[in-house]
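Colleague: Dock chain G against the given chain H, drawing on the hints supplied.
Chain order of the listed sequences is H and G. Here numbering that gives the first Met the number 0 is used: the first residue of the first sequence is 0, the next is one more, and so on. Here numbering that gives the first Met the number 0 is used: the first residue of the second sequence is 0, the next is one more, and so on.
Everything labelled a hint here was simulated from the structure, so no lab data went into it. The reader is advised that the hints may include incorrect statements.
Pulled a few chain G residues facing chain H out of the computed Cβ check, cut under 7 Å [unchecked claim]:
#1 Leu-4
#2 Gly-210
#3 His-270
#4 Val-271
#5 Phe-273
Stretch-level coverage of chain H by chain G, calculated; a stretch enters the list once three of its residues show a Cβ under 8 Å from a Cβ in chain G [what the hints assert, rightly or not]:
#6 75 to 83
#7 173 to 184
Backbone N, C-alpha and C fix where the C-beta goes; we use that ideal spot for every residue, glycine too.
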Amino acid sequence: MITASEVTKRYPEGREALRHVSFEITAGEMVYLTGHSGAGKSTLFKLLAAIERPTSGSIVINGQNLAALSRSAVPYLRRKLGLLFQDRKLLFDRTVLDNVLLPLAIVGHPPRDALRRAQAALAKVGLPNRERTLPIALSGGEQQRLAIARAVVNRPAIILADEPTANLDAASAREILDIFHAFQQVGVTVLLATHDPTSLPVLRPRVLRLDQGEMSELPAAPATAVAGAAT
Amino acid sequence: MSIWLAQHWAAMRDACRRLATAPLNSLLSLLVIGIALTLPTAGWLLIDNLRALTGDSPGVQQISVFLSLDAGKREIAEIENRLQAGKIGRWRFVAREEALKRLQAAEGMADIVASLPRNPLPDAFVVTPSESQPAELERLAKTFAGWPRVAHVQLDSAWVKRFDALLRLGRLVVMLLGVLFAAALVTITFNTIRLQILAQAAEIEVARLIGATDAYIQRPLHYFGMLQGALGGLCATLLVAVGFHLLTPLVAELTQLYGTNFTLRGLGAGHVAFLAAIGAALGWLGAWISALMHLRRFA
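Pulled out of the complex, with its shape left as it was, chain G reads as follows:
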């Protein structure tokens, strides 16, 4: 093993030893870091799930294209061809008979439908565009309206816009929370390392006087910051996982009442690794700044 690698290994072991030396303090620090990372993570997951929920639900980000009552098979085929050629997403044809049956099936509508002299409903296409941006949806709606035998195009653009704005706002809030709590994590690590340097001032002074480089002294502190941050990240994933585990059946029950099968999306292995990496990076940053500032006084 090279000297460089051996010294890194020794620094890593030293960092682990420091964590284990004061288990209660370490645990509390990890919890604080974990909670700091939990809030933005949970917020991000919430936004992600809302996007998924609305993306999967009927009526949202969908365009209904109603044909005129006299549209025949040829016109219907023509529109199908155009939709296919346009590659604009998924679409489904709803024949006027099928629409009437659905209306009849709706609660309290059977008698009303039975009293009608003829089927008043038109044939329709329900299009779920692959693009979900409000501007793009409006452009598509305008295009559909220009096609032959299209009597009406329905896009609840106001709702989509409102929802999109809410999502953007949510994302911004989560981002700000993330920055805020990242700064908190850096500050926590900065202070932990400052206290460690104070507690080990004698050892650091001696090491410096007998030939220890700045890198040698800083290395265990950097590893400590990284380790604490990474474990804090894992602690956050655990907290989020527990929260989602509790919420999942309730959300599933709620969405079923709205006629949708939706399961909350939790954290995947990639997210866990990402959170641990982010925690480690922020912990390292706090340790690096702290070591840089507080080790200057040693000759």
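Just chain H, with the same shape it has in the complex:
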């Protein structure tokens, strides 16, 4: 579903954000991407969302090589992705409902169907009855839920989330991660970037680690931890 081969990203000033990064994520997997600030997580996120292009190497998503993607084809790729940005990128002058309706309007959903789907997405992330509220009136956790609702309202096959639990208290972070797990349970591929290793669940599925632009994969959770968590 997502294949990165020897991806290097070098910025014009000479800084190398990613060095020969390779990985593969299969359909329905939930993968955590960890690393401290500046490790290259956001750069990788931007490359996967076709916001930036790799200097070398290739990224293939659903059979589409992003390096060969024209500007006009980029929006169609993004419609298949549920993107969550570190700064959430909500529209604060529009209501909660309007924020969720935007992706549906972009793909041209009929208004009645769009409304039904937006309401369903808000209910799924636990934000019912907040449709007419402006995002500024929501808590950090609620804003993140709203961002998730907007990301999933078009039923994407892949969710890419950049630091979705940043600046949230432990309880809210847990709830947000639970939402992602729920999506994974129904077959959605999830790549979740986080700089906070404590946010990783004990029963972690798979963890990729970025350090100074180089990627490694952490070993699976030890059996004792899994057993401990199970009890």
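Modeller: For chain G alone, kept in the frame of chain H given last:
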């Protein structure tokens, strides 16, 4: 309703909403565009009316064909036949008696005419050719001069030429004004759209990141430019109509003093539609260029 049509409809509504959101700004923009379109439109109408005025007035673009004093009915009939066969426009025969009566009727001429031993005036034809080009009028005058019993042909070609040159100059000035103000309209719309893009940068960025195509983002801006241009065009027609409404009685009074019944020709429904369409097209062009240039920075 198809998705394509629904998205166009939504973009149109969005453009209307943007116009209505800042009514004072919108009104000022419309006024500026309206004034920019008013000047060339009024100039064009002025030229059109001048052409109509001179075309309708006696003595202008007319050729007087004076016959020799001994021309008889047969010669007159011969010339009538030639004029009919030539299909050169309208013509009227003025008998020498009628000409004398007119002369007598003119102020201060009655005594002079009464003192004449005999009628010195010849029979004449007054021809109003369908062609109004000076060269064509001169060619016709030469032809008439060659006909039998024609003593003199009068064409004020110098005046016609001068007037024609003035009209051509006027038309050129109006055209240049039109181009200049069209460029101004494009520039105004370009800048309005640039400001809109700046004001909505966050929204555009988000839309682009969640899958909006360039067309989706540009569409409301294009509609906004078109709508603003079209309304500016209508504003121009309104300004011109008011101006003509004020001028019409004064011009009618003036032309009556010169013995002519002339009414100013204002804008018809076709002109109104044309101006709105031109405004819309220029507005769209300004919006298109602006959107193309300023939306590139969004990934």
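Colleague: Please go over all the hints and tell whether each is borne out by the structure.
Modeller: A quick look at each hint next to the structure:
| no. | hint | verdict |
| --- | --- | --- |
| 1 | Leu-4 | violated (10 Å) |
| 2 | Gly-210 | holds (4 Å) |
| 3 | His-270 | violated (38 Å) |
| 4 | Val-271 | violated (35 Å) |
| 5 | Phe-273 | violated (34 Å) |
| 6 | 75 to 83 | holds (count 4) |
| 7 | 173 to 184 | violated (count 0) |
In terms of the numbered hints stated before, the structure departs from hints 1, 3, 4, 5, 7, listed from lowest to highest.
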